[in-house]
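**Student:** Each chain, written out:
Protein chains: 2
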Amino acid sequence: MSNKYASIDNLRFLWKDVHQSEKLFKHERYQDYDVESIDLLLNAAKDLCDKELHPYVQIMDEDPARYEDGKIIVHPQVEKVIALAAENGWIGAEFEYDRGGMQLPHIICTSLNYIAQAANNQVTGYLALTGGAAGLINSFGSQELFDTYVPNMLAGKWMGSMALTEPQAGSSLSDITTSATPTAEGYYHIKGQKIFISGGDHEYAENFVHLTLARIEGAPAGTKGISLFVVPKHRPDSKGSLTPNDVITAGDFQKMGQRGYCTTHLSYGENDDCRGWLVGEPNRGLKYMFQMMNGARIEVGMTGVSIASAAYYASLQYAKERPQGRAISNSGKKNVQQEQTLIINHPDVRRMLLLQKAVVEGGLSLLLEASKYNDLQEVLTGEEKENAQLLLEILTPIAKTYPSEMGQVAISNGLQVLGGYGFCTDFPLQQYYRDVRITAIYEGTTGIQSLDLLGRKVTMQNGKAIRLLMQEIGKSIQAATQHKTLEPYALRLGEKLVVTQKVLEHLLGFAMKGNHQRFLADASIFMEFFSTIVVAWQLLKQAVVAQEALTSGKMNYAPDFYESKILTTRFYFKYELTKTEGLAQTLMDEEQLTLVGDKELIM
Amino acid sequence: MSNKYASIDNLRFLWKDVHQSEKLFKHERYQDYDVESIDLLLNAAKDLCDKELHPYVQIMDEDPARYEDGKIIVHPQVEKVIALAAENGWIGAEFEYDRGGMQLPHIICTSLNYIAQAANNQVTGYLALTGGAAGLINSFGSQELFDTYVPNMLAGKWMGSMALTEPQAGSSLSDITTSATPTAEGYYHIKGQKIFISGGDHEYAENFVHLTLARIEGAPAGTKGISLFVVPKHRPDSKGSLTPNDVITAGDFQKMGQRGYCTTHLSYGENDDCRGWLVGEPNRGLKYMFQMMNGARIEVGMTGVSIASAAYYASLQYAKERPQGRAISNSGKKNVQQEQTLIINHPDVRRMLLLQKAVVEGGLSLLLEASKYNDLQEVLTGEEKENAQLLLEILTPIAKTYPSEMGQVAISNGLQVLGGYGFCTDFPLQQYYRDVRITAIYEGTTGIQSLDLLGRKVTMQNGKAIRLLMQEIGKSIQAATQHKTLEPYALRLGEKLVVTQKVLEHLLGFAMKGNHQRFLADASIFMEFFSTIVVAWQLLKQAVVAQEALTSGKMNYAPDFYESKILTTRFYFKYELTKTEGLAQTLMDEEQLTLVGDKELIM
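As they're listed, the protein sequences go chains A and B.
For the first sequence, position 599 matches number 599 in my numbering, and the numbering has no gaps at all.
For the second sequence, position 339 matches number 339 in my numbering, and the numbering has no gaps at all.
The set of hints was computed from the structure by calculation and includes no laboratory data.
Incorrect hints may have been included.
Given that identical chains are not distinguished, each listed pair holds provided it fits within a single copy or across any two copies.
[Said to hold, decoys possible] Each computed SDA-like pair below joins lysine to any residue, with the alpha-carbon atoms no more than 20 Å apart:
| id | residue 1 | residue 2 |
| --- | --- | --- |
| 1 | Lys599 | Ser329 |
| 2 | Lys191 | Pro220 |
| 3 | Lys579 | Glu495 |
| 4 | Lys4 | Met603 |
| 5 | Lys579 | Val499 |
| 6 | Lys502 | Lys579 |
| 7 | Lys334 | Leu497 |
Here chain A stands alone, though its shape is the one from the complex (with noise of 0.2 Å):
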């Protein structure tokens, strides 16, 4: 099998081509940066991905992460990449240089992510959430905080967590009954149990700074009650040594997938001597969340490009090796005499790589495009700047959805590609397949993430988001119809935004009649219905460009790579965009069949 998990080439036309990095470099805060010092840091981060990540992701699956007398066993090349990521400044790598980080603007650092994550994706949690936690503390902690903590994380001594979900509250962030007890010194005694905690503890930190949703007492009921608290698993003092602060970690989630990557519960202050520190003001924890939340989002969203990438690449090399059946012939007659061909020359296998490499082209651009509104809202000012803002947020949802799910339809086809060895654990396609499952549950269930797109993202400040971004969908499709070629599909991206117009006013219609029920009802229809749309402009987009190089000649890759790029833009127009007919047909239906009745009907 091949060892490719991520084009860099790939990588490359997305970032600089497609979405022009070059521009940002000449605001202020990325000024030290350009085309070269980026090609060498990507580069070099996919030769430490070659070396150090990849070679473990099936040894960690097979060598799962567990709990043993009170400890948690992970893989011990954890040890190693925690190590060198922290020597490449990757943990909080776009943190300002004065807060130890490196300026790297975000689209960048999503590069970075998608190398990482589609060399070991079992891995890449421990350093994401260590750069999470690192920034919600370096956002909206105290200096004293800061200086506690963030250095430590980002030389990778000290590891972060996100510590939201409890046993009766997962989706429902309302109902945490974790509690804060003020205390005359200033901190907080914490009490609560904590579930389904990633990357909570292992042997090769010395510490974990577990960033933590919990209730002061007499907090008002709901998500207006929650603070956000640092809880380290050992407490510093002033001279920098380290006491047990009472956080237990009481066991570790077995899953089907993500198996080297632990998922930790955790026990705190069961010998009622477990300090926390408040980060920013009471009851405000949701909201400081909600950048790491987000930041997390994109991170998701791109573990399952990722993880797609790899399938792809992998079942791509082996359509290449595998010979099985004759091509049929145009008589419909199969000549047995002929040598068998290779399977890539079938074209139901070549539209499963197709689908998977539109998939993975289309999830990691739009990936990228919402990372660049992250680094706009950075050095833009004004409108402009909240422009980039809701542009951001309204991609966020979208950006975390299309593929985890999508992910999963593209490494299903990658695994048939190897028929009955995609089934076995010697080839890698089973172990994508179990591993990307998780992408559609974390950090907001795809269900969530569609309430937050059709129920806040699209009626935010009157539907300005959403117009925002119908105009850049707009100016994609204005720049296609400049080229004979593409222009079929711009007026095709077109009806498909009129559509989207009609679908929202008729279900704003039930919001405005005060059915918000039956407004949400379909808000997962809606999401595929409009995913499938956005990532349609974002192959457009690369379509464009590559059309452009073709006919100026003005080329930095082969011709086929550029042919490669409209093929698979067409492929997705004929094979991927046409679901959105029957989507729209569902959510423009009069029924209503998924609203509670009268009676228990599901049985």
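Starting from the known structure of chain A, fit chain B onto it as the hints suggest.
**Tutor:** Same frame as chain A, now just chain B:
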């Protein structure tokens, strides 16, 4: 979690009320059966599966079949299940009385198969393959072969397997190279490698009878030179004692799912002492094998439905017990003072449950329909018999594929209902998700089934099979239009038949122009399109029977049972049948994107 994995009420509604098996019992072959005896038989089977199969489904997954010291180790419960199945006459139950069977109608065998596979899909294959292998000997073997092997197989003392695949020949059976050299003694020397042999060896049978495809020296190339042999692991002499037959078990493939079920690698004739006995005539082996394969295809479709059934009931139970979040109020505001609601009350969870229910009940009905035609072709004569055969032939690839493809989707939705717990090994959904994935590969992948449907079944006898099928669907539409409540769905299904005609005219146009490559390039899309319509038919059929019961008041079950049937049908028409819009558009699209071009454009 619930232990419910199948609904006997639903099954009974299907075999009795919808598919009217009583009509079969009027034929001489089945005259010993009536509704009461079948009720008894199926209820007893359910009790047995409750006690002896279902409790082992997770245990077998956690203690997988494996190869140790030249032996295949499987869970000891396999021994008990084989003994009980034999005792109850389940192996070869459809055989004639004078051949050791119960002359049980296929539709009832299929019903039994549903219960057993839903209870534990890792153990039923041993029984099904033994029955299938015995069936081949019964149909095409000599009396001597029958006497030597079949009674021991039906008694569960010896097991059977079907040995087709070789390392270089999986989907392409033309290319098998296992050789058979005739001897003066009448048997053949067999030499070769067979892989992916399900149920091919374990400790709990004293012998294994491998129905093996091999090529007699000098036979024509391709499938026309393949013969079928009985190749036992141990050859019996005339006194019944067993001598090793040089069939070495070389390994057990480790798989993502169905881990309790062994998948062996067999090596024949390493010491030039492997003997095989020809079944029927030389060079007709593949034709014979297709009898077994067609039965196996129905069984694999049933694996998909059955696992989806177990997953559905598990996720339904969870949804009825798990509180999380609050119903969206019509104002769109959340009242956090309210108690959490059960997740079954969330519209998106209801959607995921109804989708599962529709796939299970539609898929199961389709498999019973196909089995009914299998019975009809046994008992009818002349054109009626031929029509039943044609209907069985055209339904087989659909009944194999829809449940295996949509079973995956259904189970994925079931897993999603459980959120994070769905991904954890403490809950059964993740196992079902892994187990079901093989069904789209076993016994001809979805791609192969799709070529069979469009390339062979649609065109056979100048389209007679599909015309007959359309007529049957037309009858159900006619019946549905008699009910005001169902008329809109009847009309919609009628429209889909018109679209099917258009699509087929378009595709057959390519075949007529001699462009078979293009004709078949999107066969898998046609399968998805048409199978979605065929399952709509099966659900509408059920709705008609339900509506008749509600209207007439002649009810065998509670009114909610019938209301739920109608709700499920309406759900399918709104959420699933709509998909055919986009699929038809894809099929009618003029672009050719997956045929091999001049250049390698997939990279």
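**Student:** Report the numbers of all earlier hints that the structure fails to satisfy, in ascending order.
**Tutor:** Number 7 only.
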